[in-house]
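First to last, the protein sequences are chains A and X.
Counting in our numbering, the first sequence runs from 1 upward without gaps.
Counting in our numbering, the second sequence runs from 1001 upward without gaps.
Hints listed in this document are in silico derivations from the structure and should not be mistaken for laboratory results.
All values derive from a computational prediction rather than experimental measurement.
Don't take each hint at face value.
As the list claims (entries may be wrong) - Examples of chain X residues lying across from chain A (beta carbon under 7 Å, computed):
hint : residue
1    : F1005
2    : W1063
3    : L1076
4    : F1088
5    : D1090
What the hints assert, rightly or not - If you only want the chain A side, here are some residues facing chain X, beta carbon under 8 Å, derived:
hint : residue
6    : R158
7    : L164
8    : I169
9    : L178
10   : E424
11   : A425
Just so it is clear, CB atoms sit at the ideal spot from N, CA and C, and this is done for glycine as well.
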Amino acid sequence: MWMVPRSRSLILGGAVGVFLVTGVLPLVYMIVTSARDVPFGVLLLDERQRALVYNSGLMAGATSVWAALIGVPLGFGLARVPMPRRAMVRVALATPVLLPPYVVALAWTYIGGSAGFVAALIGRDVFSDWTYSLPAAAVVLALVYYPIVMLATEAALRQMDTHLEEAGIVAAPPGRVLVRITMPLVAPAIGGAALIVFVLAISEFGVPALLRVRVYTTEVFTAFAALFDFARATALTLPLLVLAAGGSAVAATLLRERVIAGQRRQNATDVLDLARWRVLIRLLSVATIITALVIPIVVLLREAAGTSIVGAATASWPSIRISLLLALVGATLVVLIGATLGYARARAPSRIGRVADITWVVLFAVPSTITGVALIGLWNRPSFPGVVYGTFSMLVLVYLARFVPVAALIVAAGVRQIPVSHEEAAAVGGAGWLGTVRSVVVPQIVRAVGAAWVVAFVFAFGELGASILVSPAGESTLPIRIYTLIANTPSSVVASLALLQLTVIFLPLALGALHVMRRSNA
Amino acid sequence: MTSAFLDIRGVTKRHGLRPVVDNVSLQVQSGESVVIVGPSGSGKTTLLRMVAGLETPDDGEVWLEGRRVSAPRQILVPPYERRLGFVFQDLALWPHMTIGQHLEFVVNTSDAPASERQARVRDALTRTRIEQMADRYPHQLSGGEQQRAALARAVVTRPRLLLLDEPLSNLDPDLRTVLRGELARIRQELGLTVLHVTHDYQEAADLADRVVRLRAGRIETGATEQR
Chain A
1 MWMVPRSRSL ILGGAVGVFL VTGVLPLVYM IVTSARDVPF GVLLLDERQR
51 ALVYNSGLMA GATSVWAALI GVPLGFGLAR VPMPRRAMVR VALATPVLLP
101 PYVVALAWTY IGGSAGFVAA LIGRDVFSDW TYSLPAAAVV LALVYYPIVM
151 LATEAALRQM DTHLEEAGIV AAPPGRVLVR ITMPLVAPAI GGAALIVFVL
201 AISEFGVPAL LRVRVYTTEV FTAFAALFDF ARATALTLPL LVLAAGGSAV
251 AATLLRERVI AGQRRQNATD VLDLARWRVL IRLLSVATII TALVIPIVVL
301 LREAAGTSIV GAATASWPSI RISLLLALVG ATLVVLIGAT LGYARARAPS
351 RIGRVADITW VVLFAVPSTI TGVALIGLWN RPSFPGVVYG TFSMLVLVYL
401 ARFVPVAALI VAAGVRQIPV SHEEAAAVGG AGWLGTVRSV VVPQIVRAVG
451 AAWVVAFVFA FGELGASILV SPAGESTLPI RIYTLIANTP SSVVASLALL
501 QLTVIFLPLA LGALHVMRRS NA
Chain X
1001 MTSAFLDIRG VTKRHGLRPV VDNVSLQVQS GESVVIVGPS GSGKTTLLRM
1051 VAGLETPDDG EVWLEGRRVS APRQILVPPY ERRLGFVFQD LALWPHMTIG
1101 QHLEFVVNTS DAPASERQAR VRDALTRTRI EQMADRYPHQ LSGGEQQRAA
1151 LARAVVTRPR LLLLDEPLSN LDPDLRTVLR GELARIRQEL GLTVLHVTHD
1201 YQEAADLADR VVRLRAGRIE TGATEQR
């Protein structure tokens, strides 16, 4: 007998359907069709391929090592070392992860480039070879991604049962407890986070492209955008896709649910006596904030001096307007789908939930250029779906494909804090599922949903790797415009636009932080 | 100077303004087993943690074998130099180590030669009847075996003082009865001085030379009971 589907099944099923069509189908279609059309000969390890593998692996490996070297001590500091205004310090230290990596790279080229600050200061060019190099790309990426390791380390330390360390300190001095008990217990979280950084770095397009480092992502872009060789571009994505998917699946397994920070037990003695490191940790925090956040902004401000930001903005207004509009619409759709999926994940049986977590981490780690190639492969056709291709809708599809997993993970973490009994109590009282979600669940996850929206907006507004491939001919978003202006426009104009981009990114972050502070004060 | 093996002198601990342990004094003689009984939130665990050096007293002092080990807001002797064993309520077994590695980690901090350290590990495993479990990880053990492993870790260094924080509270009644007997036997065999906290009066009656009742952070007047 035909039955009217219940609201819960309709809404959750609809969200899963949209997610499958926008996030999963393009990749599956690309992999399936590549078996038929793609010249796999390009994957044979000739010298050019070996250089790509070597460069991509070295850049990503160096990035994750640097990120761990910065992030682990900072994570320990945030979790265990007495620190005034800890919440503010954490926000400042975490902010670089939201900066578009190519904007940070741009700022560093203004310092170390042949006409940069250092060359102007000492009268000759000594750093530009190094600035446009693989090690420099790794350093820039580490300065953007270290917060991932830092936050994972802090979360793992906060979630660790303090009795485990206390049981050690009863018998052994702090150094031995740190090495034999604390570090092994947080190592999976650190390893997982470092692996996530590895995958993000190997997937990054803007930084190696700007710093002229030949890696897989830049090769995919060249094959597609310069050589118009779609089959070669698709073939080149496959090793990268395997690396990214494999690495992120292992990382998600290692991290489990550690990305959600718990509360450390109050009034517990710091058994490892890390307080004695407070001066060093504070110095490291200040140095990191200056290097990763303050210097890039100050350099862009200095470079933009003499050019009216208003003038630069007016000249690029069509790109700014469409970027804002697309990011607003994209973030809202991403959160609508992501929040629904996040709710479904939080209430799913644990095994299904783990599979969903790993799938989302893997999908988020898919390099942006691969997402772009996959979307083009699916939507660029003469029949019905083709009406989407060549419009700005493709950019919204990019945001849905890339950022729904992040929103779902954030909201799932929020929903899991709500005991199921809250919903059961409403159901026993006679409320329907929609009414229960509206009255019981949503009020308790407002902050998680808000955070997911801000993150989606910031990521969407800075998206470059996929946007540059799928953007309609003759149109550009702000990141694309900045990227294309770098080669043939005065640096002051480019710096002005980069600053404008940072301003738009910081605005929702600042509003969110203000809101949290007001709630805390209340 | 003090003649008691463990001398807790007027110790107070506050969480915020609320005293959790309020001006408690207690002496424990060498070889004695003292059980502190009280309801949840009476300050038993906090008192035990201050004796171990895991928390500082806000007021008062703790003396161990005639040596002042804690003073107001100060740890004068760190926990690992107090030569004590501690069994936590949740056992706190390290998930990444086998039971043998647990015991080796603890015993390797002692000054004893390597051969004696190995002998001590074997002895602790034998006394707690988990000789066959040395190569297993905590999650591969039953609740009772985990309890025995935590006890083995606490006694492997032959501590001068054994602190027990409701070690049997998470077990079913039958197993609790069996392990109570085991605890009493091991204490007798090793001649340990024991400070044990529990909310279970039966446990206190079975294991104590002396029972002390704690309520709202204070020792109840007339509540010390010699057995």
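- Query: Which of the stated hints cannot be reconciled with the structure, identified by number in ascending sequence?
  - Reply: Hints 1, 2, 3, 6, 9, 10, 11 are the ones this structure does not satisfy, whereas the remaining hints hold.
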